[in-house]
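Trainee: So the sequences go chain by chain: A and B.
So the first sequence is residues 0 to 196, counted in numbering that gives the first Met the number 0.
So the second sequence is residues 0 to 196, counted in numbering that gives the first Met the number 0.
Worth double-checking, as some hints may not be accurate.
Since the list gives no way to pick out one identical chain from another, each pair is judged satisfied if it fits inside one copy or across any two copies.
[Said to hold, decoys possible] Computed cross-link-like contacts, DSBU-like style, restricted to lysine-lysine with a CA-CA straight-line distance of at most 35 Å:
hint, residue 1, residue 2
1, K94, K189
2, K94, K146
3, K189, K5
4, K100, K56
Bear in mind the hints are in silico, worked out from the structure with no lab data behind them.
Listed here are the chains, written in short residue letters.
Number of protein chains: 2
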Amino acid sequence: MEELNKQLEFIIELDQLKGVYRQALVKSDGNRFENSAEHSWQITLAAQVLQEHTVKKINISRVISMLLIHDIVEIDAGDMFAFSNSEAHAEQQDKEISAAKRIFGLLPERQFLNYEQLWLEFENAETNDAKFAKAVDRILPLLQNMKNNGGSWARHKVKRSQVLERNKYLESLAPKLWLYACKQIEHAVKQGWLTDA
Amino acid sequence: MEELNKQLEFIIELDQLKGVYRQALVKSDGNRFENSAEHSWQITLAAQVLQEHTVKKINISRVISMLLIHDIVEIDAGDMFAFSNSEAHAEQQDKEISAAKRIFGLLPERQFLNYEQLWLEFENAETNDAKFAKAVDRILPLLQNMKNNGGSWARHKVKRSQVLERNKYLESLAPKLWLYACKQIEHAVKQGWLTDA
């Protein structure tokens, strides 16, 4: 039963991601902040629905696994707003690496190593699977903000150039989605939801 | 772009599941009610972690897809507490069938038919994939309640026999998990979290 007990301990630990709040707003629930657990669900399903738009070979099962686990480190490290300064990002990275060791480390060795590796692959964003996973993770806030008068962009005075840079993985991986994102970003600038810079 | 627009409409619609609340409590977030989106994330990952305990052949990719979509119908139909009376359950079923048509119907035809079929398979719980998906969906509240002084069981005076019946898919599919669940249920009765009936 030892393996099972470790796995159940990990699953119970996951509960804590429901209390990690992001800058994104949930319009359909009174514009409260979104938590990283419900966000993880939505992007995992989004990746499955959008997979046909990739023009490079991806393994959707690996993408799904990455997206299911990609934010778990936030249980210890907290969420960092995408457009924070780079110093804050470096510090966050150290915290997340320790968090991955502790939290995935609750699992039996074999599963620990597998998830840790998968999480690092996502973070490094060098493989097509990781790039597509990142691209989906990053296009969701765009969809949410466009339906919500600019949402977190408007609240934080985010620039057009920042959002374009953040969604760049789409350009070579899923050009149709990239085109869509570019059009939305221009519309957001016109509306004053993104600054013209 | 028409297919893409339909898919994005569906993905945005998913946001609403974050505002559908269940009877389960999130202990790590001040014992607020759990929503069906974050619940869907946790059980999907739980199924991946626990898959090795099945003694019958399952296709984990299908199980994952089922769990990602299994509660989407609640956007229209709302969540129903597992231990409500059977009349309420019949009415709920009608609402959910219409909801599946409307919400999965936002997608291009091919994806609509695929998800509708998968959701029906989950509901009918006749295949091993669907039984395992249901089993994981149902063992999570047990894990949560055991860590939370009986949680939703205690609040609703649920009986031991109801919880045993609800977790029955484990018996033939994952005997080790069934044994674990039975022990936990007995402990819950001793603690007074489940009634001795």
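Trainee: Now, for every hint given, state plainly whether the structure supports it.
Mentor: Comparing the hints with the structure gives:
{"no.": "1", "hint": "K94 to K189", "in the structure": "neither (38 Å within a copy, 41 Å between copies)"}
{"no.": "2", "hint": "K94 to K146", "in the structure": "both (33 Å within a copy, 27 Å between copies)"}
{"no.": "3", "hint": "K189 to K5", "in the structure": "between (52 Å within a copy, 24 Å between copies)"}
{"no.": "4", "hint": "K100 to K56", "in the structure": "both (30 Å within a copy, 32 Å between copies)"}
In this structure, only the earlier hint numbered 1 is contradicted, and the remaining ones agree with it.
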